[in-house]
Amino acid sequence: MVSLFINGKKVEAEPSQTILQAAQKLGIHIPTLCHDPRLTPTGACRMCVVEAEGARTLVASCATPVSEGMKITTHSELVMRSRRLNLELIWSDHPNDCLTCDKTGECQLQRLMYEYDVKTSRFTDCNPSSRPDDSNPAIYRDMNKCILCGKCVRICDEVQNQHIWAFSNRGMQTSIATAFEKPLRESGCVFCGHCVSVCPVGALMDKPAMKKGRPWETRKVRTVCCYCGVGCSLVLHVKQGDILKVTADTHSPPNYGSLCVKGRYGFEFYRSPDRLKSPLIRDHIDQPFREASWEEAIKLVAQKLMEIKQKYGPDAFGCLSSSRGTNEENYLAQKFTRAVMGTNNMDNCARVCHAPSVTGLRAALGSGAATNSLADIEGAEVLIVSGSNTTEAHPVAALKIKKAVRHNGAKLIVIDPREIELVQYATVWLRLKPGTNVALINGLLHVILKEGLEDKEFIRQRTENIDMLRQVVSPYTPEKVEEITGVPGEDIIKAARIYAGTGKGMIVYGLGMTEHKAGSHGVMSLANLAMITGNIGRPNTGINPLRGQNNVQGSCDMGALPDVYTCYQKVDDPAANKKFSEAWNCQLPTKPGLKEPQMYKATLEGKLKAMYIIGYDPAATQANIHHVKSAMKKLDFLVVQEIFMTETARLAHVVLPAGCFFEKDGTFTNAERRVRLLNQAIQLPKGTKHDWEIMCLIANAMGYPMHYNHPKEIMEEVASLTPEFAGISFKRLEGDGLVWPVWDTNHPGTPILHKDTFTRGKGKLNDLLYTPSEELPDSSYPLYLTTGRRLYHYNNGSMSLRNPEIHSISSEEFVEIHPDDAGALDIKTDDRVRVTSRRGSLEVKALVTTRSRPGSVFLSFHFPETPTNVLTGPGEDMLALTPEYKVCAVKVELCAC
Amino acid sequence: MEKLKNPDDLVKYRKSLESKHRPDKIRIFICTTGCRALGADEVCKAFKAEIEKQSLSDNLEIVDTGCQGLCARAPVLTIEPMGIFYGRVTETDVPEIISRTIQKGEIIERLCYTEAGKRTPYIRDIPFYGKQKKIVLKNCGSIDPKSIDEYILRDGYAAISKVLATMTPDAVVNEVKNSGLRGRGGAGFPTGNKWEFVKKAQGDIKYLVCNGDEGDPGAFMDRAVLEGDPHSVIEGMLVGAYAIGSRKGFIYVRAEYPIAVEHLKIAIEQAKNLGLLGDNILGTNFSFDLEIKMGAGAFVCGEETALIASIEGKRGMPRPRPPFPATSGLWGKPTNINNVETFANVPVVILKGSEWYKAIGTETSKGTKIFALAGNVKNTGLVEVPMGTTLREIVFDIGGGIPGRKKFKAAQMGGPSGGCVPAQHLDLPIDYETVKEVGAIMGSGGLIVMDDSTSMVEIARYFMEFCQDESCGKCVPCRIGTKRMLDTLSRITNGEGKKEDISLLKELAEVTKTASLCGLGQTAANPVLSTIRYYLNEYEELINKKEAQPAAQPATAT
Ligand SMILES: Cc1cc2nc3c(=O)[nH]c(=O)nc-3n(C[C@H](O)[C@H](O)[C@H](O)COP(=O)(O)O)c2cc1C
Ligand code: SF4
Ligand code: SF4
Ligand code: SF4
Ligand code: SF4
Ligand code: SF4
Ligand code: FES
Ligand code: FES
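Here the protein sequences line up with chains E and C, keeping their order. Heads up, the first sequence is in our numbering, so the first residue is 60 and it goes up one at a time. Heads up, the second sequence is in our numbering, so the first residue is 825 and it goes up one at a time.
The following block holds chain E by itself, in its conformation from the complex:
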């Protein structure tokens, strides 16, 4: 600590702090235009200058560290003169456009002109004005208004790591430009909008919001992003029932002001004309739908479900809820299924992504959730990123990984067959053959144990089964693992040493781990790795699944699974069964229900007759969709609750139109177990209802009383039945939410799990052998197909494709293929090719790229025109039955046309 005097007042500050920060402590306001606490200070605008006794010139308080005994004057005559003239100079090079400028009201230049009472400039503008850049749909750029604060340059460099903006020219010609003045769309910009968010003036603007309203006309509503599991906190700017733009609060976790293109520009789907606006019914799926009143539709559903329950028994019904739904909705879905329908045939779309995480982590640690918070990534010394194309699938989490590497010197180990963008940041890249995860991790375990790099104390005190593990991994020598995985043995040794060599090693993984035949095994293997090196239970360690959809964590926590109630209380545990039976006033079934794929099987076997699917589109996103669709077509009764007419809804008897996430209150739980409030920003479209209301209506119509006035009452019920949620209430969630477990109403939440003991007591080291994928390439289908996500889109594309901004940037799919394979097939980029598996076939454009591993091709599943899942199948996780999306065999041919 050093002490200094500001305007005669003494203040203490850390030596690393700036004069500006010290002044803020004293509540002294110093104007700034180029400062942002997230960015390296550059001292460009000179508005924050202050007088420092003994200094030759004024000093920029934002960039000058405090020192002992400093004497600072923040508003002396000279300082004020300087600030005023500075503003006058800026104004002399600025169009006088406040009257029509969209920035008016939140413009920092305007504010300072007011504060310093600078009315006009004595200097005339001599700069020829440049034309605004209107070339892309998201970011409007008017460099006439740029004051060259450089914040856009710095945030794109330092936070987004995309390096799009740079200063060019000198003197008055200086400007901010992309390389070679290319339009943003061709410059590598990923439209995260960071630059727009920091621009102090109207030089970079969110185009969709322009000319739609003034800042003071909008209501700011805080909510949570509806796309990936990072669960970014959003601020919606709402005017008269319309969302104009989305921003983020720089103080709010987990994103602290960052967003990706989906969060920032992917909000317009809510006003798509395609929204479902009325219940639709039909007797038979060959008939066209007809619009029906809510009364009629609800009556029909209630009646049909009762009939089937009576005729075939409770287990003839299955319910699938959505990881895009709120916690409250998921809770109600499983309550409906269990209490009203009397069956445990309850699942949610986590089945197709992170069910193996729940299974694997529960088996190893006792809790199926991420162990640490996303913020911990930044402070880790070693990061293993396995099976996660984080940059595209969880963009804001990727920023934290890059920050750890670039700014904090962390070492990154990437385990991925594809040359994902993070490979550029990696110390070691283990480019394994798809589906060989367990073998590779066994190889790492082998090296660590063989070289004695394990944390013996931790293993002894906190884990069990080390001896079996030792035995099982002993044959997995680097040589042997190289044979199986294709990863050079020396890289395996190097990675093992790096990870075992730190006390701050953090594992982050994605669907590339789980969507395999041995998906749950892969997760357990990663847990082994964390446990034998003691990298768990502390800050900056642990094993952390990046959840696919925004509420994968929550939908599982809420018991939308066949075998558990909320927070994994088992349905076959008599105590839990009793507790829930009493609370719900009925006798609940004890037999675990069917998992989603088992439901299709049961349907095809004629055992399952009716399904209720809420906000989930398995007919597009399940593997081997021909099979799934044929099952659905066999159902006696299918109810689908949706916002758009999806592939699944097309197979329904009744379609119930629901509200989307801007239109509802509720909570989401992100990948770090942070439960956060969604706040209704706009009215439900006419003709639609909240999901929770619909479920209540059906239950009531079926004679089971289900009454809530507001989702918060549902959360009260959850809290009363779930020890981990005991301290959670909507009131307490205001602000940044809480990270469960929250054991009581004073408990602050638990960002780090398994601190002193694992949820299951001792950590279980599971001894696992490598199991090859179900379907491997052969002479007829010689290539691996792996599937995954792209930055601009999400899931079945029903939301992301309905945003004009995003759609105009990315509107079609392409199959990624390595030049070696492409060459052999005479395929060039943009050629149309046919991809065929044993289950189906599709046409798509080719992209020849070394990103693909030789011998593997890649497709996303976002575009209805390219129904990738006709190809996928037949493998599934041995324990969780999650489809093996990451491996099947295909052939690729050039299209004749």
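Treat the hints as calculated values from the structure; they're not laboratory data. Heads up, the beta-carbon is just placed ideally off N, CA and C, and yes, glycines get one too. Warning: the hint list may mix true and false statements.
Under 7 Å between C-beta atoms, here's a sample of chain E residues computed to sit facing chain C [what the hints assert, rightly or not]:
id	residue
1	G102
2	R105
3	L117
4	A122
5	N145
6	I149
Given chain E's structure and the hints, the job is docking chain C with the ligands onto it.
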């Protein structure tokens, strides 16, 4: 070539060179650096062809050199051992020089330097040379810069050899501190103190950087040293590196100096071959590696934080200090940056000792200073004088006075960051402090002489335009402030000035001076302030007369 394995090897090597040296041989030193633009290469070629033709190589040798100082007479040559100086030589003069001067000992009058109508063939009689004291330039113009042997013959690398054999790093720092050597890059910061900071700074890696960006219009001191005696800079850097504990250095050379880069490359290669650069220099455990970085063609890249950014491969833009480069410079490591001329002073300080060095100069400013004499003066060129020499001596005795019937009006010192020194200060002994007192700065050594026909407002406008063009554009007071001052000055010189323009200029000047981020902006207003200080009447006249002033560019040398 065998590497020299210890200081004795170096001595032996020098001895062997000396034994081969033939003092009786006639040598013609031709400046083929700056004078190249005026045909020096052709002269050189003609000599070599003639020697070949007449088989004179036994007794006559041509030596390509760096700048010999009297650039006004370019292309120039010196004939030794006679000490004859010829200027404005063309290739057609070559056969005559050989047949008359070399073979018969006759003087060719028309090639001689003349002053007041008197022809002065011998260097020792030319006042331009007589009043100078060549410490830094002692080799420049009299050795072949492409030959390390010639440098070694002149006690080259004896300083680093002495340092490695007999001095601790602390002793080196103390010696340099005691010498009073101050940075020649402009600010005059004591070099020894700077070294001490970096030496004491925490860091596993430390960098040493030589600033050869030399962007002042008209200045070419550093260029002359790099072109004419590159080894002296390398040796200075070696001593510096040893003192601060650096193993890696960079020479940042202005992009427009291809000859300097060529000569440096050769010098570095030769030094490496002899074991004077690289690992285990002279067999000790001191190692130092040197890399050339080409400048980005911007004046501001001479500012040390911008220079660092530029070496790191980024746009050369200054950043706020602290942290100072001494604690966090290149790639965040402690970095010592000195000017070319500063480094070139170091070997002398070491060899002759700080006491000897201290004896030259004034109370506060020791040693000599090189000036690039330009503008309205007869002998434009490169001069080295002891600190404390008066402007009158430089302009009149050395410079030969003002051409034509014009009178001396003022000298602009310190280029665009400096100011003018008017006639009333002609007898001021020049050192860092005195120059500052009269409103100019020593700067890096640009000295532009102006006669009484010069419009001082136009001069101020010229330098302001330079600063505006060269402003990196980062900070408001400099980017826009210099532009608004330029607008105002242009208005005045266009005869459209207003009464309030002078106070407006002062107001703008105050803010650019106090609120700009780096030295460029902080000093950009100096020429305006200094001309207002001494020539307010010229401003007022222009404003009152409302007459346009012809645009002028002060003549610069070479
Ligand atoms: C705009 C600007 C340009 C500069 N250009 C040069 C230059 O070309 N050469 C130089 O040696 N120093 C230049 N300097 C000074 C350097 O920043 C630095 O002070 C100097 O290189 C330190 O070396 P010294 O201590 O040996 O003088 C410049 C400074 C400023 C502000
Ligand atoms: S950017 Fe700010 S100051 Fe400029 S016109 Fe818009 S509101 Fe006015
Ligand atoms: S939108 Fe993002 S990537 Fe594009 S320029 Fe701005 S900060 Fe960079
Ligand atoms: S565009 Fe905006 S953020 Fe970028 S430099 Fe200009 S004013 Fe600053
Ligand atoms: S990173 Fe995920 S949560 Fe954040 S804005 Fe993007 S899609 Fe939304
Ligand atoms: S003073 Fe001028 S050159 Fe220096 S940082 Fe500011 S704009 Fe750039
Ligand atoms: S805020 Fe400090 S210089 Fe801009
Ligand atoms: S004498 Fe040739 S450049 Fe100076």
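Hints and how they fare:
At its closest, the beta carbon of G102 of chain E sits 4 Å from a beta carbon of chain C; the interface hint therefore holds under the 7 Å criterion. Taking 7 Å as the C-beta cut-off, the interface hint given for R105 of chain E holds, the closest approach to chain C being about 5 Å. This hint holds: L117 of chain E has a C-beta 5 Å from the nearest C-beta of chain C, less than the 7 Å allowed. With 7 Å as the threshold, the beta carbon of A122 of chain E comes within range of chain C, its nearest partner Cβ sitting at about 4 Å, so the hint holds.
With a cut of 7 Å, the hint placing N145 of chain E at the interface with chain C holds, because the nearest CB-to-CB distance is about 5 Å. About 6 Å separates the beta-carbon of I149 of chain E from the nearest beta-carbon of chain C, less than 7 Å, and the hint is met.
When held up to the earlier numbered hints, the structure conflicts with none and fits them all.
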